[in-house]
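Participant: Sequence:
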Amino acid sequence: MGAIPHYVIYMSALVSLPIEAIKTQFCQILSQHNTVVLSAPPGAGKSTCLPLWLLNHESFSGQKIYLLQPRRLAVKNIATYLASQLNEAVGETVGYRLRNDTKVSKNTRLEVITEGILTQIIQHDAELSDCALVVFDEFHERSLQGDLSFALTRDVQQALRDDLKILLMSATLDINNLTKALPDAKTLASEGRCFPVELIYNMPANNQRWRDHALNVIKHQAREHQGSILVFLPGVADIRFIAQALTGVMPNDLLLCPLFGDLTLKQQQQAIAPCLQGLRKLVLATNIAETSLTIEGINLVIDCGLEKVAIYDSASLMNKLVQKQIAKASAVQRAGRAGRLMAGKCIRLYAKDEFERRPEQSANDIAQADLLPTLIEAARWGVNTLADLPMLELPANIKEQQAWQELQSLAIVDKQNKLTKHGQQVAQFSCHPRFAHMIISAQTISMKNQGDQLIFLACILAALLEERDILPAEQSRFDCDITYRVSKLISQWRRPFGVLANIVKQVKNLAQRLRLTGLDSLAASTLPMECIGLLLAYAYPERVAKARGSSGDFICANGKGVSLDEQDALAGESFLVVADLMQSRGVLKVRLAACITLLQIEQVFAEQIIEHEVAVFNEASGKIIARSQTKLAALVLQETINKNTLSAENISQMWCDLITRKGLSFLNWQGKDLALKARWLWLITFFPQYKLIDNSDTTL
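Heads up: the sequence shown at position 101 corresponds to 101 in this note's numbering, and the numbers run straight through without jumps.
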């Protein structure tokens with residue numbers, strides 16, 4: 001008998017967790033079934049104990065295991081914890097992989113990864129040849145990336161690797177629907193180790209002023225409660241509002257710790273780690289703290305019952321951040337955070353009957369997210385519709401068709417939804433398909449001009465646009481110009497921090513893929529900043545916009561009207577390309593844009609720009625005027641008076657358009673005309689046998 005693997009020794013030192021009670025049964029089921037669904041409440045040990053069993057499972061000896069987490073923060077923390085249980089550094093037996101951040105070695109057997117990373121692994125190795133098991137943790141979160149990576153893994157299992165095992169784990173899985181979708185799956189449940197949590201409902205007098213109510217409750221509990229407190233808030237702006245209001249009024253022994261995705265790992269771990277003796281903490285978190293993470297010392301949760309969800313609007317090509325009530329499953333998860341390590345209580349800042357009316361589960365991401373990144377991966381896999389994949393849920397058909405058409409308009413897929421040669425290049429980039437298309441277009445232009453600076457600029461724009469705005473909200477409102485943000489990034493290129501560090505890392509990743517050199521010597525003065533609008537036009541052809549009417553009012557190529565503050569430096573430009581929008585009181589407001597010249601528009605859209613003759617009625621003079629127009633979709637780029645004779649077809653079209661726009665009353669009906677029209681309508685109504693042509697206003 002050989003030496004006992006060192007990870008077996010360290011497992012014996014683990015504190016007994018509830019999931020230990022099903023260890024024998026679980027290992028037996030996993031040996032006999034290829035698809036297993038495990039339901040285990042928070043604190044059971046499914047993320048921190050069970051993965052170490054897998055390393056010692058005889059079925060997986062010498063093979064790789066992928067453990068998927070829906071959040072980047074959880075990936076690093078779980079990998080670090082599991083490695084520490086083996087008394088190893090991360091990257092030995094247990095490692096992790098994220099975009100732009102990897103710690104693995106030739107000895108790594110358990111890789112903690114995000115769902116998007118698994119998709120890329122499968123695209124490069126369709127059989128997952130060195131992998132024995134894929135574990136989807138916190139599967140209830142059902143992100144679009146998660147749905148896709150599961151569908152690809154399931155497809156590999158069903159078509160290529162009937163020995164590949166899949167394990168789905170969560171505290172709040174919709175077991176009934178899941179077992180219907182996966183009839184071959186074996187289900188298993190574990191008891192949790194959740195201490196009693198007292199539920200208290202404390203709703204605000206005015207729901208519109210929930211922030212003020214939350215602040216008052218937090219202040220009171222900060223003084224009265226003896227332990228650490230976790231507060232769930234909808235978004236980063238709410239966290240900053242509460243944090244600022246608490247500055248200077250907190251007890252001396254209470255540390256204020258924000259927790260959200262954009263913080264550095266060090267800042268995030270500060271919120272998670274145990275406090276020094278004699279101190280406690282107040283953690284202000286988004287829903288990032290709902291699952292996977294155990295925040296040490298928490299025995300009070302204050303739950304506002306709200307979350308912010310990105311919903312993609314295909315009409316405006318924008319993600320709208322919508323604030324909505326959380327589902328019951330999320331509320332249960334949040335309350336459970338107070339009972340992970342000791343008895344606790346949860347104060348819900350809403351009414352009990354309101355909780356009872358909420359849906360059991362949140363709407364899945366596939367119903368409300370941008371489908372382009374998913375569809376390009378589907379096309380890369382070789383299918384031309386998502387229905388050809390074993391997806392657990394499909395988007396609305398019209399939404400999927402619109403997304404395929406967007407990819408066709410960017411020449412990424414052909415009319416059969418197959419990847420074009422250009423699309424195959426786009427699929428290799430670790431960014432949104434629109435930005436990859438922009439980078440490749442920059443390459444094409446640079447080949448003609450013999451220079452890499454334009455490609456550098458495209459990489460910078462792609463990285464900037466995939467992160468949140470680097471300017472504070474109060475400044476960005478009156479400064480929509482991306483050019484300024486590029487300059488700001490370059491000025492801190494060598495010593496970036498916070499979100500800037502993430503952007504720089506992504507720029508370097510994209511540049512490395514393109515084998516570009518000279519990044520360290522980048523300077524704003526060497527970049528063709530005047531080409532920012534031109535590059536954005538490749539990414540967002542629908543959002544090329546022309547000024548109309550008052551300052552700050554524009555019309556886009558897709559026919560949508562947009563506006564920006566008249567004090568903004570871009571308000572007086574003739575043409576813009578809009579990179580980001582927000583909806584405010586039914587109006588589309590520009591958040592990020594860059595100016596573009598007519599010459600650049602003609603350069604990008606040479607094949608789409610058309611010239612045609614139109615007839616225009618001048619109401620002041622009562623004359624019909626012939627004009628020549630140069631158009632890009634809904635945009636009239638240029639217009640000149642044409643002295644040539646108007647065709648009857650142009651005049652007819654002019655009257656049709658005019659009457660459609662202004663209504664039949666524009667024709668200046670006379671009394672005798674209206675009388676004839678009324679008699680005609682009477683005959684149609686009472687003598688249908690004459691089969692007279694309908695003369696109702698709608699038909700006319």
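Please keep in mind that the hints were generated in silico from the structure rather than gathered at the bench.
Mixed in with the good hints, there may be bad ones.
Stated by the list, open to error - For lysine-lysine, the following DSS-like pairs were computed, each having C-alpha atoms within a straight-line distance of at most 30 angstroms:
(1) K324 x K180
(2) K415 x K631
(3) K308 x K219
(4) K546 x K508
Participant: Does each hint fit the structure? Answer for all of them.
Facilitator: Hint by hint, here is what the structure shows:
{"no.": "1", "hint": "K324 x K180", "verdict": "holds, 29 angstroms"}
{"no.": "2", "hint": "K415 x K631", "verdict": "holds, 24 angstroms"}
{"no.": "3", "hint": "K308 x K219", "verdict": "holds, 24 angstroms"}
{"no.": "4", "hint": "K546 x K508", "verdict": "violated, 34 angstroms"}
This entry does not satisfy hint 4, going by the numbered hints stated previously; all others are met.
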